[in-house]
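There are 2 protein chains.
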Amino acid sequence: MLKVPEHQVAGRQAIDGKLGPLVDNSGHFYKPLQDDDERGTGELTFYHSFSSNTRIPHHIRRFFPVFYGTQLLKASDGSGLRPHLVLQDITSDHLNPSILDIKIGSRTWYLEASNDYIQNCFHRDKTTTTVSLGFRRCGLQIYNESGFWKPERKLVRSFTADDVRSVLRMFVSSNVGPEPDFCFADSVYGGCDGILERLMELKTWFEDQTMYHFCSCSVLLLFDKESFLKGKTPFAEVKLIDFAHVVDGNGVIDHNFLGGLCSFIKFVSQVLADSKGSTMED
Amino acid sequence: MLKVPEHQVAGRQAIDGKLGPLVDNSGHFYKPLQDDDERGTGELTFYHSFSSNTRIPHHIRRFFPVFYGTQLLKASDGSGLRPHLVLQDITSDHLNPSILDIKIGSRTWYLEASNDYIQNCFHRDKTTTTVSLGFRRCGLQIYNESGFWKPERKLVRSFTADDVRSVLRMFVSSNVGPEPDFCFADSVYGGCDGILERLMELKTWFEDQTMYHFCSCSVLLLFDKESFLKGKTPFAEVKLIDFAHVVDGNGVIDHNFLGGLCSFIKFVSQVLADSKGSTMED
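Line by line, the protein sequences give chains A and B.
If you're matching positions, the first sequence starts at 1 in my numbering and goes up one per residue.
If you're matching positions, the second sequence starts at 283 in my numbering and goes up one per residue.
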């Protein structure tokens with residue numbers, strides 16, 4: 001039984017007769033290969049290359065959804081059979097996951113792209129936080145006492161640096177409103193299993209790897225308060241998603257992704273530090 | 283007695299009746315304030331802010347030329363008196379310094395700039411190594427057995443990744459030609475006083491500081507073989523120069539500079555590793 005993913009926060013959605021990803025009940029995520037541009041095959045090419053690449057350390061492979069190949073499936077737009085990437089459904093083990101989807105990099109275009117594509121990205125990068133912060137939010141949902149908060153995409157796109165900080169605070173609080181309680185900050189961001197430590201692991205790899213440049217790729221943060229309160233692990237995860245625009249690194253590190261990642265790490269560190277200050281004041 | 287700097291490798295030069303910097307015999311570098319754009323005052327504003335900023339650690343201040351204020355001087359283009367920045371002449375203690383001037387960042391424009399400026403930079407960034415490598419060479423001179431090698435600026439601008447590696451090898455070799463001897467690699471790039479260690483210090487600061495964004499700023503590497511052979515220190519230095527386009531960091535790290543710096547560090551590390559491989563084979 002295929003259905004529309006419950007916890008998708010960004011990207012094309014399989015609703016209103018549109019083409020989008022589907023999930024099943026056994027932890028698979030089916031992403032349709034697009035034929036209107038090279039994105040679908042670009043992502044497939046990346047998964048093939050990455051899954052057979054013996055130079056990827058085990059602890060880095062964990063950041064990527066498991067790739068199970070491709071499968072012909074009835075597309076969600078009713079257009080008939082279409083090849084889909086079969087991937088791990090990252091959210092399947094979680095009941096009410098809070099999710100942040102952050103597109104990393106101060107530039108989403110790349111030299112190999114068409115001029116039109118470059119110009120479109122260039123414009124959008126300048127008018128979102130991509131250029132100023134080195135990343136932009138693509139989507140989010142936060143679970144709290146009153147259910148899911150899932151702002152409209154338009155609102156998410158107009159986020160400022162202060163909005164980013166405010167969302168990072170809400171992400172680890174049990175309450176909503178202007179005074180977050182930072183209830184889960186230490187466990188989720190801090191500690192040796194926390195999100196900050198995972199991001200630092202990624203950073204170390206990006207300082208060294210010269211195989212791939214991850215243009216327009218997202219870091220996805222997931223935190224399941226339910227799992228945490230029941231003592232289940234992992235209750236927080238960091239994943240990389242969306243590889244339609246990964247290009248050859250040609251022996252150079254991905255300085256665009258790395259710079260943006262470092263900027264995002266600084267935001268998370270600051271919120272963690274703020275939470276400690278706030279706890280000490282209590 | 284003011285004169286044209288002997289070891290200037292990039293930027294406007296005070297020759298053929300043009301406006302450019304001058305030096306004296308007591309270690310001062312006089313940089314004319316331009317009135318055709320905001321660059322001159324931008325750089326003065328930065329030096330004022332930076333020199334009075336108490337949050338700059340001592341070990342970071344060393345990377346910047348000392349600022350002695352401004353002075354009215356006869357301009358090199360014969361246009362009469364003009365205010366000049368008075369700075370430390372970085373090369374004055376060295377007889378035959380090899381110098382690399384590398385403009386750091388995968389983007390030289392910034393959101394506050396005019397549309398024309400952004401478009402010009404955008405074009406040049408794409409057609410040099412700025413976008414692909416995260417930095418571009420602006421100028422260089424390398425001293426070896428046959429004197430100074432100082433390629434034309436046009437040639438320097440068309441440098442590829444392989445050319446960058448080749449120049450980094452020549453920089454620490456005593457010979458010229460296709461098989462560099464890496465004679466000084468260990469002392470200049472390696473060790474606790476080496477260039478790599480200095481670049482890592484800078485990197486650590488850039489991962490944290492959110493005060494300034496250094497657009498179009500250069501890292502200058504200097505190595506004086508003469509000083510090295512005579513046992514004089516420092517024989518190698520890392521400096522930051524050109525602050526006409528420094529803008530307010532607004533609480534965000536300079537992810538553009540940081541990413542480019544990390545890319546450059548990777549190039550230097552690889553050349554140092556190659557040199558060790560080459561020595562082991564000997």
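Fair warning: there could be bad hints in the mix.
No farther apart than 30 Å at their CA atoms in a straight line, the calculated lysine-lysine pairs in the DSSO-like style are these [unchecked claim]:
| hint | chain 1 | residue 1 | chain 2 | residue 2 |
| --- | --- | --- | --- | --- |
| 1 | A | Lys126 | B | Lys408 |
| 2 | B | Lys558 | A | Lys203 |
| 3 | B | Lys558 | A | Lys239 |
| 4 | B | Lys408 | B | Lys514 |
| 5 | A | Lys203 | B | Lys408 |
Bear in mind the hints are in silico, worked out from the structure with no lab data behind them.
### Query
Between A/Lys203 and B/Lys408, is the straight-line Cα distance small enough, at 30 Å or below?
holds (25 Å)
### Query
If you draw a straight line from the CA of B/Lys408 to the CA of B/Lys514, is it 30 Å or shorter?
violated (41 Å)
### Query
Does B/Lys558 pair with A/Lys239 here, judged by a C-alpha cut-off of 30 Å?
This hinted pair is violated, its Cα atoms lying about 37 Å apart.
### Query
Is A/Lys126 close enough to B/Lys408, meaning Cα to Cα at most 30 Å?
With Cα atoms ~16 Å apart, A/Lys126 and B/Lys408 stay inside 30 Å; holds.
### Given pair status - A/Lys203, B/Lys558, alpha carbons within 30 Å
holds (26 Å)
Comparing the model with each numbered hint stated earlier shows that hints 3 and 4 do not hold.
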